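Student: Line by line, the protein sequences are chains A and B.
When we follow this note's numbering, the leftmost residue of the first sequence carries the number 1, and every step to the right adds one.
When we follow this note's numbering, the leftmost residue of the second sequence carries the number 1, and every step to the right adds one.
Treat the hints loosely; a few may be bogus.
[Unchecked claim] Per label pair, the in silico range of CB-to-CB distance:
id, chain 1, residue 1, chain 2, residue 2, range
1, B, LEU173, A, ARG242, 54 to 60 Å
2, A, ALA214, B, ASN94, 32 to 38 Å
3, B, SER88, A, ARG67, 38 to 44 Å
4, A, ALA247, B, SER88, 46 to 52 Å
5, B, ARG26, A, LEU331, 32 to 38 Å
6, A, LEU379, B, ALA93, 44 to 50 Å
7, A, LEU331, B, ASN94, 52 to 58 Å
8, B, GLU187, A, PRO367, 33 to 39 Å
9, B, VAL42, A, VAL258, 54 to 60 Å
10, B, VAL48, A, ALA47, 37 to 43 Å
11, A, PRO383, B, LEU129, 14 to 20 Å
12, B, ARG92, A, ALA269, 23 to 29 Å
13, A, PRO29, B, LEU173, 28 to 34 Å
14, A, PRO383, B, ARG92, 14 to 20 Å
[Said to hold, decoys possible] Interface residues of chain B toward chain A, partial, derived using beta-carbon atoms under 7 Å:
id, residue
15, PRO63
16, ALA93
17, ASN94
18, ALA105
19, SER106
20, ALA109
21, ASP115
22, PRO123
23, ALA139
[Unchecked claim] Derived coverage of chain A by chain B (criterion: at least 3 residues anywhere in the stretch with Cβ under 8 Å from a Cβ of chain B; other residues may be distant):
id, region
24, 54 to 60
25, 277 to 290
26, 340 to 352
The hints are simulated quantities; they were obtained by calculation from the structure and are not laboratory data.
All figures in this text were calculated on a predicted structure; none of them were measured in a lab.
C-beta atoms are modelled at their ideal positions from N, C-alpha and C, and glycine is treated no differently.
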Amino acid sequence: MRWISLTASAMTLLLALGGCSAGLPELVPRARPDIRSDEAGLWLVAAKSEAALQQAPTAISDPGLNRYVRGIACKVAGPYCPDIRVYLVREPGLDARMLPNGALQIGSGLLLRLRDEAQLAAVIGHELGHYVERHSFDKAWRQRVGSDIRAWLGVLAQGLAGGGGDAADALMPVRDGAFSSSQEIAADSIGLRQMTAAGYAPAAVVDFWHASVAELGERQSSIALRLLARHPAPGSRLDRLRTAVAAVAEPHAVRGYVRYQAALAPFRAAFLADEVRLRLPTETLRLFERLRRQQGLDATLAFYWGEVYRLRGWKDDRQLALKFYGEASRLPNAPVALDRSIGLVRRSESDWLAARAAFRRYLAAAPDAADAAMIRAYLAEMPEA
Amino acid sequence: MRRVLVLALGLAVGLTACARFQPVQRDRVAVGGGLSVMGSAVWNRFPVGVLGADAAWTQDGLPLDRVLFYVAHGDGTPLFEHGRDRRSLEYRANMTATEIADLWASELALAGNGDVRTGAPQPVRFAGLPGFRFDYSYANPSGLVFDGFVVGAATAKGLYLIAFAGTRAHHFLAYRSAAEHLIGSAEIAVE
Ligand SMILES: [Zn+2]
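Okay, chain A solo, but in the shape it has when bound (with noise of 0.2 Å):
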């Protein structure tokens, strides 16, 4: 009974999501490319990419996150779990990619932007359609139109002998085009499916790439939000996804909004940090904001809010740094190098007398701190007040 209902709710998304691309026949489960075919050709070069995922120093090795992620995305993929492997990589900024081989590398900037379990499959949903749909494949075809892709595929190849550049290099022509507006009315359509059918609220596709573009603004690319060179969302795009929502409308469904943040909630600060690294304030500030909608405002988001206007320090950054900075010391749970940017900011202010006194909260907070040395060496440096 429930299949037969979940199987009519994807013939509506089909229905309303319009016509799909006339591309390559969709990839059944357990699928693999004939050994002599010109797309066993990019799986192998997919291949290498994905040994190199492997072997990655950014990848993100904590067995429980990825336990929970590959939960999701093996729920999500339905009878394709086992052609689906996730790699988490430690890297900021928007972005998940799928290799044509079915390989999902997903970034930690993505997984700091999602507010919950359905956005994660959402995109997860999406990514699997690009795969089903063989979209990597088609584009890799399309683009080399009137040229020989045996040849081409010869030129990517060269990266499987070793040696020179890593086989990401060499995939770069493959990933890095956009995939076109009827690819990704089919992936939506894949997506929805397939996060429906999982028991998922269909309205976070729309939440996720609502707020998405929000990040974006008014500009027309961001170095921050990969994801959306590649998948472009135009308002049209939008428009239908929320026409498809809408037609299914599941009053049970799951968003997963509490045990999302509580898988995520150990790795949180670290992956903040790492977008104000970047130094892209403006950037950095938009996807705070984004946070705050989704999540509201906590003492680790308030504290790296102040490290953003701290570390630009443009004319009134240094007040507005303390402003948020008050603002996590009056939450639960502020972090203890508050403090030690508090007296950095005091210091650089000449304001002696607070800038000792938070370096001293500091030390008195973490007296065995790293760094407690090089706090002591401050306070000795700085003039008597």
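Guided by the hints, dock chain B with the ligand onto chain A, whose structure is given.
Tutor: Showing chain B with the ligand alone in chain A's frame:
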């Protein structure tokens, strides 16, 4: 963009055809800006700066191990040079070691490196002056992991830094003591 560092190093290697590495003599070597160190024949000096550094020395080649010298960096000058599409970060004369270590980490991240980590800065003497030291590590865009440390001091003439890095697989441990020796011999001439 992610390849700025690789490009810079590739360029540096490519340039060796015309601008050759020169062996360092076993004598006191003036690096610039009043900074001098005791040279040793194990090091080769590259005639032009890389990564915004004023001088670069290496044993096995800049892509594997390197000592970068930054001398008398003034207020408002960038530490590294990035491509045109990326704004460089400025050093400020009133920065603490904590802020300089943050700047260093951001510069490495901006150059396209991943998993950038910096250790807590420690107060040390550098060239007879009160200075600081911190460890760092990163993975370059090709996934090669480097360990290193930075020793420096902010003086009235500007910021002085000597930064050593080598591959975690071999060069860091192999050349670390030579780099320590070099840093320990640093003198800054007072005019
Ligand atoms: Zn897409």
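Student: Could you run down the list of hints and mark each one as holding or not?
Tutor: Here's how the hints hold up against the structure:
1. Look at LEU173/B against ARG242/A: about 58 Å separates their beta carbons, and that is inside 54 to 60 Å.
2. Restraint check, ALA214/A to ASN94/B: a C-beta distance of roughly 37 Å satisfies the suggested window 32 to 38 Å.
3. For SER88/B paired with ARG67/A, a C-beta distance near 41 Å keeps the hint of 38 to 44 Å intact.
4. Checked against the hint of 46 to 52 Å, the C-beta distance between ALA247/A and SER88/B comes to roughly 51 Å, which is consistent with it.
5. At roughly 59 Å, the beta-carbon separation of ARG26/B and LEU331/A lies outside the given 32 to 38 Å, and the hint is violated.
6. For the pair LEU379/A and ALA93/B, the supplied restraint of 44 to 50 Å is violated, since their beta-carbon distance comes to about 20 Å.
7. A hinted range of 52 to 58 Å for the beta carbons of LEU331/A and ASN94/B is inconsistent with their spacing of about 30 Å.
8. Checking the proposed 33 to 39 Å range against GLU187/B and PRO367/A shows it holds: the Cβ atoms sit about 36 Å from each other.
9. A hinted range of 54 to 60 Å holds for the C-beta pair VAL42/B and VAL258/A, which are about 59 Å apart.
10. At about 41 Å, the CB distance of VAL48/B to ALA47/A agrees with the hint of 37 to 43 Å.
11. Against the hinted window of 14 to 20 Å, the Cβ-Cβ separation of PRO383/A and LEU129/B comes to about 19 Å, which satisfies the hint.
12. Judged by the Cβ atoms, the range 23 to 29 Å given for ARG92/B and ALA269/A holds: they are separated by roughly 26 Å.
13. Restraint check, PRO29/A to LEU173/B: a C-beta distance of roughly 48 Å breaks the suggested window 28 to 34 Å.
14. For PRO383/A paired with ARG92/B, a C-beta distance near 19 Å keeps the hint of 14 to 20 Å intact.
15. With a least beta-carbon distance of about 13 Å to chain A, the hint placing PRO63/B at the interface is violated under the 7 Å criterion.
16. At about 11 Å, the closest approach between the beta carbon of ALA93/B and any beta carbon in chain A exceeds 7 Å, and the interface hint on this residue is violated.
17. At about 6 Å, the closest approach between the beta carbon of ASN94/B and any beta carbon in chain A falls short of 7 Å, and the interface hint on this residue holds.
18. This hint holds: ALA105/B has a C-beta 6 Å from the nearest C-beta of chain A, less than the 7 Å allowed.
19. The interface hint given for SER106/B holds, since its Cβ lies 5 Å from the closest Cβ of chain A, which is under the 7 Å cut-off.
20. Satisfaction of the interface hint for ALA109/B is found here, the shortest Cβ-Cβ separation to chain A being roughly 5 Å, below the 7 Å cut-off.
21. Of the supplied interface hints, the one on ASP115/B holds, with its beta-carbon coming within about 5 Å of a beta-carbon of chain A, less than 7 Å.
22. Against a cut-off of 7 Å between C-beta atoms, the interface hint on PRO123/B holds, since the closest Cβ of chain A lies about 4 Å away.
23. The criterion of a C-beta within 7 Å of any C-beta in chain A is met by ALA139/B, whose closest approach is roughly 4 Å, and the hint holds.
24. Counting residues of the region 54 to 60 of chain A whose beta carbon lies closer than 8 Å to any beta carbon of chain B gives 4, which meets the minimum of three for the stated coverage.
25. A count of 3 residues in the region 277 to 290 of chain A with a Cβ less than 8 Å from any Cβ of chain B is obtained; the coverage claim is therefore met, three being the minimum.
26. Counting residues of the region 340 to 352 of chain A whose CB lies closer than 8 Å to any CB of chain B gives 4, so the stated coverage by that chain holds, three being the minimum.
The structure fails hints 5, 6, 7, 13, 15 and 16 (numbered hints given earlier, in ascending order).
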